[in-house]
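Enquirer: Which chain is which? The protein sequence lines are W and E, in order. Residue numbering for the first sequence follows our numbering, starting at 1 and increasing by one per position. Residue numbering for the second sequence follows our numbering, starting at 1001 and increasing by one per position.
Some hints could be false.
Interface residues of chain W toward chain E, partial, derived using beta-carbon atoms under 10 angstroms [as the list claims (entries may be wrong)]:
#1 8
#2 14
#3 15
#4 20
#5 30
#6 60
#7 123
Restraint ranges, calculated between C-beta atoms of paired labels, are given here [as the list claims (entries may be wrong)]:
#8 81/W to 1054/E: 40 to 46 angstroms
#9 1007/E to 86/W: 16 to 22 angstroms
#10 113/W to 1016/E: 52 to 58 angstroms
Here are the computed lysine to aspartate or glutamate pairs in the DMTMM-like style, where the Cα-Cα straight-line distance is at most 25 angstroms [as the list claims (entries may be wrong)]:
#11 95/W to 1033/E
#12 139/W to 1033/E
#13 1095/E to 106/W
#14 8/W to 1044/E
#15 40/W to 88/W
#16 8/W to 72/W
#17 8/W to 1033/E
Don't read these hints as lab results, they were simulated from the structure. The structure displayed is predicted, hence computed values, not measured ones. Beta carbons are placed, not taken as given, at the ideal position from N, Cα and C, and that holds for glycine.
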Amino acid sequence: MEDHKNDKTFEVDQHLTAHGRYYAGKMGSRFYISLRDKRKILGSSCKQCNKTFWPPRSICTFCFSELKKTVEIGPLGTLETFTVVTYDEPIHPRKAPFIYGIVKLDGADTGMAHLIDEVDFEEVRIGMRVQPVFAKERKGNILDIQYFKPL
Amino acid sequence: MTKKETEWISIPMTVDVPYRFAAGQYLTRCLTELRDNGKLLAVECPECKRVQLPPRIVCAECHVKNGRWVELGSEGTLVGFTIMYLPMTDPTTGKPHDPPFVYGSIRLDGATSVLDHFVHVEPDLAKVWIGMRCSMVLRPREDRIGDLNDILYFDPLPGQKKLQA
């Protein structure tokens, strides 16, 4: 029987890179164009279920009917939950530490993840009222809202 | 009537993930031996006698422990190949390998399984064929780090010709 007690660990470095493209679709395009050109945040609403979705989607989660109507929501919202990120990952848009939060905008029934800033890590709390900070140069992606900050 | 959208939004995204894996008992021996002595080691199953590369602790078909190490020759036979016209991402660096190039499966002498690697030959169907004999070309000893890129490519052995079908 071979003895492996004294074997050292051996690790191999690897590196994955995948280039892709995210297509926002009909509803998503409307959302990003309105955000970029008018600084207005759109949600899509289902009349039957009386629900408004953010980000807007073209199919209702509950009744599966097609959604065509968009409504302006926000810009103010409520922090539903959050986490303080204390470690770096290549996929994160920022260097740690920073806060990810789920923001439910006024007029919407769903929350969406975004960055929370201009608040102390000790002072961030669930239920906090937040407002978006729009980027000066907007490019039609979700970082056209740079982050949400407390009122 | 639905309003016709004038613009479609799409966002280029690149997923870039450096990572590292622990090679484990058998693969460690295989990779360090390749790095230090330029030898490729495989394991033989005591039941079905197949010789596996990369080496596995357990034969996946017989469910018995592989114990006997076999040194493979540095020459082998091309059992399949493709000419790549799209860049392929090198899993060790994340950088694309420029096309066109030939990528093939080589059965090293003494092995049952095949090893996929670059074949150092012009990307021309007249110059590469199944059954072509190749030899393994390694990086110089001082540049070897213990991953599969320590093998640079497989060179076709000189003096052979593609047989007409």
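Enquirer: All the hints need checking, so say for each whether the structure fits it.
Expert: So, going through the hints one by one against the coordinates:
| no. | hint | result |
| --- | --- | --- |
| 1 | 8 | holds (8 angstroms) |
| 2 | 14 | holds (5 angstroms) |
| 3 | 15 | holds (3 angstroms) |
| 4 | 20 | holds (5 angstroms) |
| 5 | 30 | holds (7 angstroms) |
| 6 | 60 | violated (17 angstroms) |
| 7 | 123 | violated (33 angstroms) |
| 8 | 81/W to 1054/E: 40 to 46 angstroms | holds (44 angstroms) |
| 9 | 1007/E to 86/W: 16 to 22 angstroms | violated (39 angstroms) |
| 10 | 113/W to 1016/E: 52 to 58 angstroms | violated (20 angstroms) |
| 11 | 95/W to 1033/E | violated (39 angstroms) |
| 12 | 139/W to 1033/E | violated (52 angstroms) |
| 13 | 1095/E to 106/W | violated (45 angstroms) |
| 14 | 8/W to 1044/E | holds (24 angstroms) |
| 15 | 40/W to 88/W | violated (32 angstroms) |
| 16 | 8/W to 72/W | violated (60 angstroms) |
| 17 | 8/W to 1033/E | holds (14 angstroms) |
Of the numbered hints given earlier, the model fails hints 6, 7, 9, 10, 11, 12, 13, 15 and 16; all others are met.
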